[in-house]
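Participant: Sequence:
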Amino acid sequence: MAVLVDPIRILDVLARDVRNLVGDGRAEWWMPIDLYREGDHYVVGVDLPGVDPGSIDVRVSADTLSIQAERHAPSTDGGAWLIGERPYGRFRRQITLPDGVDADRVSAGYHDGVLTVRLPLTDAAKPRRIAVREAEERHALDVAEAA
Numbered sequence: 001m002a003v004l005v006d007p008i009r010i011l012d013v014l015a016r017d018v019r020n021l022v023g024d025g026r027a028e029w030w031m032p033i034d035l036y037r038e039g040d041h042y043v044v045g046v047d048l049p050g051v052d053p054g055s056i057d058v059r060v061s062a063d064t065l066s067i068q069a070e071r072h073a074p075s076t077d078g079g080a081w082l083i084g085e086r087p088y089g090r091f092r093r094q095i096t097l098p099d100g101v102d103a104d105r106v107s108a109g110y111h112d113g114v115l116t117v118r119l120p121l122t123d124a125a126k127p128r129r130i131a132v133r134e135a136e137e138r139h140a141l142d143v144a145e146a147a
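Quick note, the sequence shown lines up with residues 1 to 147 if you use the numbering used here.
If you're looking for bench data, these hints aren't it; they were derived computationally from the structure.
There may be inaccurate statements among the hints.
[To be verified] FRET-style restraints, in silico, Cβ to Cβ: (1) Leu14 <-> Ser75: 27 to 33 angstroms; (2) Ile83 <-> Pro127: 18 to 24 angstroms; (3) Pro49 <-> Ile130: 42 to 48 angstroms.
A quick note: this is a predicted structure, and the numbers were derived from the prediction, not measured.
Built from N, CA and C at the ideal position, the CB exists for glycine as well.
Using the sequences and the accompanying hints, generate a full structural model.
Facilitator: This is how it looks when you write it as structure tokens:
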């Protein structure tokens, strides 16, 4: 089950931001995501603008999806920064997967600065339609079995 609000994660993000502002800028940054269900699979959307697709690492192990990427700061060629609000460095996020994800069929794509990871459900986890018999039919079966 996905947790919508994680106060520990919020505090962790604030601590990383402070470390980057007063430290050496090499702390790992947290990346915002969307997670939703679409038919028979889950979809994870990750904002990674300006990230080299070759630096993106997506891994699935047991019940965890791990995503890492890196964005390098542009060179100022001897100039001085006036404003530097965009985060650079390593980005990392781990998500506990919902039950029933088929880890062998996970796929990922990167387009327009957004990483999309598709997590298909196993056949056992997909919803199935159950036929409902009428009560009269069931009663007739009970009588026939008792005879």
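Participant: Could you run down the list of hints and mark each one as holding or not?
Facilitator: Hint by hint, here is what the structure shows:
About 29 angstroms separates the C-beta atoms of Leu14 and Ser75, a value consistent with the hinted range of 27 to 33 angstroms. Here the CB-CB span from Ile83 to Pro127 is close to 50 angstroms, at odds with the stated 18 to 24 angstroms. For Pro49 paired with Ile130, a C-beta distance near 45 angstroms keeps the hint of 42 to 48 angstroms intact.
Consistency with the previously given hints fails for number 2 only.
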